[in-house]
Amino acid sequence: MDDGVLAGVRVLEIGGGVPAAFATRWMAGFGADVVRTESTPGKLTDDEAVYLLAGKRRIRTNAATVRRLSLAADIVVEDRKPGTMARVGLDPETLRSEKPALTVVSITPYGQTGPYADFEATNLTSFAMGGIMSLTGMHQREPLVTGGSQALYLGGLNAFGAAVAAYLGLLIQGEGDWIDISLQECMAGMLELYGPRGAYEGVASVRSGNHVRATWGLYPCADGFAGVCALERQIPALFSVLGDPDLDDGRFRNPLERPNHDDELQAKLYGWFGERTKAEILELGERHKVPFGAVQAPGDLLANETLRERGFFDEVSTENGAARIPGRPFLGLAWRAGELHEPGADTAAIIGDWLGQVR
Amino acid sequence: MKRLPLDGVRIADLTMMWAGPYATRVLAEMGAEVVKIESPKAWDNIRTLIPQPGATDPWNSSYYFNDYNRDKKSLTLDLADPRGKAAFLRLVPHCDVVMENYRAEVLDNLGLGYEVLREAREAIILVSMAGYGKTGTERGHVGFGPIIEQMSGLASMTGYGDDGVPVKTGISYGDPVAGKAAVAAVVLALIHRKKTGQGAFIDLAQREVLSTLIGEAFVAASLRGEAPVQRGNRDSRYFAQGVYRCAGEEQWVSISVRDAGDWERLCNATGIVMHLGAMSNDARHDEIDRRIAGWCAWRGPQEVLEAVARAGVPVGRILDTKTIHEDRHLEERGYWVELPHPRMHAWKQPRSAWQFVEARPSLQRHAPLFGEHNLEILGGLLGMRADEIAELEAAGVIGDAPANPGVG
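Same order as they appear, the protein sequences are chains V and E. Quick note: the first sequence, position 120, residue 120 per the numbering used here, numbers continuous. Quick note: the second sequence, position 249, residue 608 per the numbering used here, numbers continuous.
It is worth saying that the hints were derived from the structure and are not from the lab. We put the CB at the ideal spot given by N, CA and C, even for glycine. One should not assume that every hint holds.
To be verified - Residues of chain E placed beyond 12 Å of chain V at every Cβ, according to the derived structure:
| # | residue |
| --- | --- |
| 1 | Leu448 |
| 2 | Arg590 |
| 3 | Asp621 |
| 4 | Arg687 |
To be verified - Cross-link-like lysine-lysine pairs, in silico, DSS-like; alpha carbons within 25 Å at most:
| # | chain 1 | residue 1 | chain 2 | residue 2 |
| --- | --- | --- | --- | --- |
| 5 | V | Lys289 | E | Lys553 |
| 6 | V | Lys268 | V | Lys289 |
| 7 | E | Lys554 | E | Lys707 |
| 8 | V | Lys99 | V | Lys81 |
| 9 | E | Lys707 | V | Lys99 |
| 10 | E | Lys400 | E | Lys361 |
| 11 | E | Lys361 | E | Lys554 |
| 12 | E | Lys444 | E | Lys400 |
| 13 | V | Lys99 | E | Lys361 |
| 14 | V | Lys81 | V | Lys43 |
| 15 | E | Lys681 | V | Lys99 |
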């Protein structure tokens, strides 16, 4: 199985924004033959294209051929607006009735149905409608979107999992399915304790900036920012590392008293973090089993020893040199780093392979 | 009736807190039978993370725990006790998958590493989801979601941009992201087993999974040495974009003006009149923000949402954890489902985000009470005699209440 668990699986990517392109990136890495149909230029930035398109073959062709390719595929992943597929002769239900083994995964901001289905959206507006944003940012300022394009990537992550689950279903039952992924729904069900709290108690939780509480927050340190996230069972170890005799007092030791003295404790933590570097803090965390972290930039991680030892990064050659990008999401199944192909470069080969034609 | 893809798959779930239980909730949504295993002495802390003064059995009545553990079965077993470990190894042959999110060395220290599990069932799939993975220099670090976010690179990219302060995402974002990747790992390993007959050992590092969601930042760093730029709510690829306060307490909307066409449509819909003139991009953006903010300030968020959306301009409310449960779109799609629970009044729980249009995953049953399925699994599945089970109970290896309840 060195070719990968998805070797021999044919995947057609249509639309090709971040959601569809990320879902199919992992399919390509685990061995699938991923064919990307060319989409509107500008849907991906150059950097996104380097990251998301490695290992995919690329075709430029007409609607009729895309339809035939869809029926030759095992999985179609698309992120066009609801109804667009049907208008170009690719209605998922029709494709499924012609080929019951096919799985179609559709990724849209709001899903295929419902009053907002046709609303325009971006990463920002999708992130907002998913609820996470209301909890993110400083209380005295406006809510803040998390960095990168998280709403779009979450759509891709969910589409990948759902697609391979459907493919497993095919191996067992002989039939695929049509999967309707809504970015909003991907996020609305991952609101930690705040989601169920809002549903159960009927009150909204307010964004709390960098401090859920003193022992669960992010602080400036000597060379950047570092954080702590201690559960009750880790509080004794945290206090011991802090080494402040004041902490040996009921107002800090007692978990029911501590919230009443959170500002005082936070001030102590500001002082402690401010005097130490990230490396010192991480070392103390490992030694004393205290959940400390430090804010790492991507450049720091490219030099990170653990990630190098674990072989995390793939190398992709580009016209601007070799890019190093996050590779396999986990170890244990064969993964291949792919090369970048030019738009349309594989058109003839794909038609030959998938449709049995020589053009 | 079409079956769900994981129908017939049984999972021994040793995970706790959020990342792992979130993964196994999704696996249960996809049809798997999930057996959640906790020790009466070391149980899932999520049960009591939120104090419930006056509750008689708070470990059974937490909305946090119960939202993420529905559709599962509860088996208590103290794995640190030889009798508990032996019972677990009797269960493994009946399982397809074992999942755990302990710190890297814990499963091996319990004497339940992959090789041991393979002796119990040759084709077992083990999915480990430690913060930093099972190998590598940092494997001994303790990591929860917020820490993972810092260590993955993501926190460095989030911030208002005018103060240099990185900002944490308001949830423990690394957890559900790792959880969804772990679900995919289970599925891929099942496909692998279907094709080869072999099991697998999946070593998933939560930090690495989160880094895969910011891949383009690694391209920028490796090709051009670029450090991440915190942009607040703006996006350099769009004409203008921001978050604006609406009428009402803490009510906000986000609007993306992707290009000049969006701006024209937004102006037509709102009556904003503004001559762009010879302004720098930043000055223009600031002025656009002021105009949009002025228009939104007097209107409710739903009115703004619908008016701007009708104009074809991207807009979204900053739905909070109350209003998201009242959103008419989610309502119409049947996203929130109320399940009865023996200790709690019903609340709106999210159905699966993986809407298989034909197989239609749906919520089945509330989260189990502590140890609720001990008899069913030990007696029924493993065929233990009543006196054997009583002995385990007397020894505290199993139980129907935590041995040491307190605040998580």
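Taking the hints in turn, this is what the structure says about them:
no.: 1; hint: Leu448; result: holds (22 Å)
no.: 2; hint: Arg590; result: violated (8 Å)
no.: 3; hint: Asp621; result: violated (8 Å)
no.: 4; hint: Arg687; result: violated (6 Å)
no.: 5; hint: Lys289/V - Lys553/E; result: violated (40 Å)
no.: 6; hint: Lys268/V - Lys289/V; result: holds (20 Å)
no.: 7; hint: Lys554/E - Lys707/E; result: violated (40 Å)
no.: 8; hint: Lys99/V - Lys81/V; result: holds (23 Å)
no.: 9; hint: Lys707/E - Lys99/V; result: violated (37 Å)
no.: 10; hint: Lys400/E - Lys361/E; result: violated (41 Å)
no.: 11; hint: Lys361/E - Lys554/E; result: holds (23 Å)
no.: 12; hint: Lys444/E - Lys400/E; result: holds (14 Å)
no.: 13; hint: Lys99/V - Lys361/E; result: holds (16 Å)
no.: 14; hint: Lys81/V - Lys43/V; result: holds (14 Å)
no.: 15; hint: Lys681/E - Lys99/V; result: violated (43 Å)
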